[in-house]
Amino acid sequence: MNIKIAFKRILFPMLLIVLSVLGNLYSIPLFPGFDYLFGTIFVQLMLIFYGFWWGLLCAASAASFTILLWGHPYAFIWYVFEAAFVGMLLRTDKRRLGIVVYEAAYWPLIGMPLIYIFFSQIMNAGINNVLIVMLKQWVNGITNAVIALVLIYIAPGLSAYLHSDKGRFYPSIKNILFSLLSILVIIPSIAVMSFYGRYQKNVSESRIVDDVRNLSERYTSAVDNIIDRYSAVVALAASLDSTMNLRLNNAVASENIKRTAPGLSYLFVIEKNGKLIDVYPDNKTDDFIPKSLTPDFIKHISEADKPFLYEFSSFPDKSSDLWTFLAEPIKIKKNKVFVVGAININFVSNLLKNISASNETFVLLNKDRRVLASSNSNIKLFEPYDFLNSGEIVSKDYGVYHFIPKGDGIVPLIERYKRSIFVRETAVPGHAGLWIICSVPFADYQASIYKGYISSLAIMMALILFALLLSLTVSRTVSRPLADLSLKTTDLPNKLLTGSVLTLPSSRVSEFSALMENFRIMADSLSEKFREIKHTNENLEHIVLERTREIKELNEELEQRVIQRTKELEYANNELEAFSYTVSHDLRAPLRAIEGYSAMVSEDYSDKLDDEGRRYLNTIRANAIKMSDLIDDMLSFSRLSRDDLKLCTINMYELASSVVKELSTADITAKLNISVGNMGSAFGDSAMLRQVWINLISNAIKFTLPKADGKIEIGSVVKNGNVVYYVKDNGVGFDMQYSGKLFNVFQRLHSQQDFEGTGVGLAIVKRVIERHGGRVWAESSLSEGSIFSFTIPL
Amino acid sequence: MVHDNEIVEILLVEDNPNDAELTMRALKKSRLANNLLWLKDGAEALDYIFSKGAYENRNMDIVPKVILLDLKMPKVDGIEVLSKLKSDERTKVIPVVVLTSSKEEPDIKKCYSLGANSYIVKPVDFEKFITAVSQISLYWLLTNHPPR
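Heads up: the sequence lines are chains A and B, in that order. Under the working numbering, read the first sequence as residues 1072 to 1865, first letter to last. Under the working numbering, read the second sequence as residues 808 to 955, first letter to last.
Take these hints with a grain of salt, some might be off.
Said to hold, decoys possible - Per label pair, the in silico range of CB-to-CB distance: (1) B:N825 with A:E1641: 32 to 40 Å; (2) B:V900 with A:K1732: 38 to 46 Å; (3) B:N825 with A:V1789: 41 to 49 Å; (4) A:E1841 with B:N842: 37 to 45 Å; (5) B:V900 with A:D1715: 33 to 41 Å; (6) A:K1732 with B:N842: 31 to 39 Å.
Hints are computed from structural coordinates only; laboratory data are not their basis. Note that beta-carbon positions come from the ideal geometry of N, C-alpha and C, so glycine has one too.
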């Protein structure tokens, strides 16, 4: 399979699918929680180059990644709808350049309502979040469409290559300007927005971090305060107990404790073996204290040499009423005893709650990282606490974390952001093992941040729309005159020929205006030239017609004359034919009578005639026979002149040879040496050429016989590209001064006594050769021989 | 005028009396002129052969052994006589020797195509003439064996 076709049909679409997925994977965050996705750029390219189904496949592949990215399947739906919508519209758009417009239309018409339904109705997202998502998608969609368009324009080679089976793909100047202008406006605004978004995010985050830090410091100092205060009370109680040996439950002490440490529920003094020495308040009759004196606690206090905290739950399930004990070891009467203050942790919690706003949270952990106190009543006390286990944690400055919970079920990212908190974990200074984890919800800040996002996006959208409008206007301003010009100048020669008025568009751009003017001048001058040419042409046509008519007339006249002449010739020919016939029949009869009767006279009456009389009769008879021979030759000459040529290819060697054979009597063979040389073939009338050879060869024989050592040579040579046939003898020859008369009828150069003949033979030769378009001539010197030559050019 | 049912061996059709005389002389020399009838034109020849006109009483079954036919004759020429003879079932078997002055190729072709048995050009040379006539007559009268 052809690699180029494989690339075009399979590899390139695969590449586009991979790129679209990667484009979504390597997205850039426009704002926290709002990613700018590049995937649709490649979906658009796929739609343009490979049509609806490929585009849909690409969109589905790219969009499935958003399920992972955003944790909900709804984006998949609107992205696939987007590809389907744009793909359907592209099907009716031959030039496939309306993607920006289709994208711009898709989101308000279908995409945004879908987002509203999914976010607001199904996922219960706040209206601000929905608004941001809508705007972001719209901006993202249009921008990607513009980028796709620009990619096509800046890589026309690629698009031509991919479109090669559908014809070349030429963007118009309008499209190029439009895309360039829009990209010039849109890309920077996206960039500015992204940077501004980050800046905003950083500003708001540092604000949040500061808030969290302040909060945590407030909590730590509050915890510190509480512990210090109660430690002081317990210490005081201890000192009272030890130095003054006062009872804790005397009225003054009771009053003091109640006033300075309102949350202190119990105060008791125990020995290190757990024996209760004193108790406050004295009216306490419940069994709290005996129950709380667990061996573990006794062990703790017996080993302690300074105040410490100890947690105790009055219920085995530890669901409520957690107690913290503050113990201070003192010496009474040389014995080491302990003053223990029991504080209900709910009291501590309430104290801490009072210093924070309602939406701020805190958790107080002991050294085992168990919850001592919390602003959230759902958090179980005295349980190990780990807020990190159910969400995403982003570390910020000053030990502050941004915690984004996973949420139950399908929660869009921005909803998770809304539920996210900024957290700080702080050790309470001076109280080893105590930790305060406090947090502020992001939601408080989100609203104001998102308001910023919305206005940014709105500005962005306005910018984009403005850019689109501007680029459309500018590109039209530039391209309309050109488009007009190209439309007006289509089929220009015809328009000029038909003389239609060429109204060229005007333009306010100086170059175009000059171009139009130049075009107008050119068209005018062309038009003028065309008119001239047309005029000349028409004239020429007229002249040609006139000439044709004249020629036709002449032709007809000529034809008439030819017909006339032919008729005359035919008539003459018929006359001649009739004449020959008559001669053939009627002239011979009297001759025969003369001869016959003369013969009868000499047969029947020869005894009555003397010698002179018999000689006279013989003379009569001889002349009658000669007359008959003359008539025969005449008729033959006339016939050869009249008969049609029956042309065919003739082997001249065979023809001449057969003639020689026919003419050669024993006498001739004995006396003469006749040779026939090699000759090629000729094209002519076989019977007539045979007559030529007969006449020439018999002539040669006749004039060579008297000579001793007679020799006749027959053959052909090539002279000046013509084949010349010849009959050469060494006979008596003739005087060259009479050679001109040689071929005339009845012309003889020798006396009848010396050589017999009628003088028609060479005339016949000449006539036949001339009828073949050839030439015949003779060269000779007297008594040395002669050469008769002829050519047949046919 | 010959008798109606006299046996005729050679029928000479010839308008020229000189030629007729020369022919008859040639035949006499070969002693073949005994049963010869000389008719002077084609019309008379047709009347004789088909027993019409002056010859209507003649028995048509008696046919000459050979007809010597000239071509150029007044009224009905030799070609027409030949054509009528050879197109009739009764007479087509009679040998016809065309004896003429014409050496013209069309004449020769025409005669043979109509069914002439021989075509002889009368030579001007008397000796040759005698020879030719004698030979042809000897052939057709003595050598040739006609159907019964």
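Hints and how they fare:
1. Checked against the hint of 32 to 40 Å, the C-beta distance between N825 of chain B and E1641 of chain A comes to roughly 36 Å, which is consistent with it.
2. The hint said 38 to 46 Å for the Cβ distance between V900 of chain B and K1732 of chain A, and at roughly 41 Å that hint holds.
3. Between N825 of chain B and V1789 of chain A the CB atoms are about 57 Å apart, so this pair departs from the stated range of 41 to 49 Å.
4. Distance hint check for E1841 of chain A and N842 of chain B: the Cβ-Cβ separation is about 55 Å, which falls outside the suggested range of 37 to 45 Å.
5. A hinted range of 33 to 41 Å holds for the C-beta pair V900 of chain B and D1715 of chain A, which are about 38 Å apart.
6. Separation of K1732 of chain A from N842 of chain B is about 45 Å and departs from the stated range, judged on CB atoms against 31 to 39 Å.
Checked against the numbered hints above, the structure violates hints 3, 4 and 6; every other hint is satisfied.
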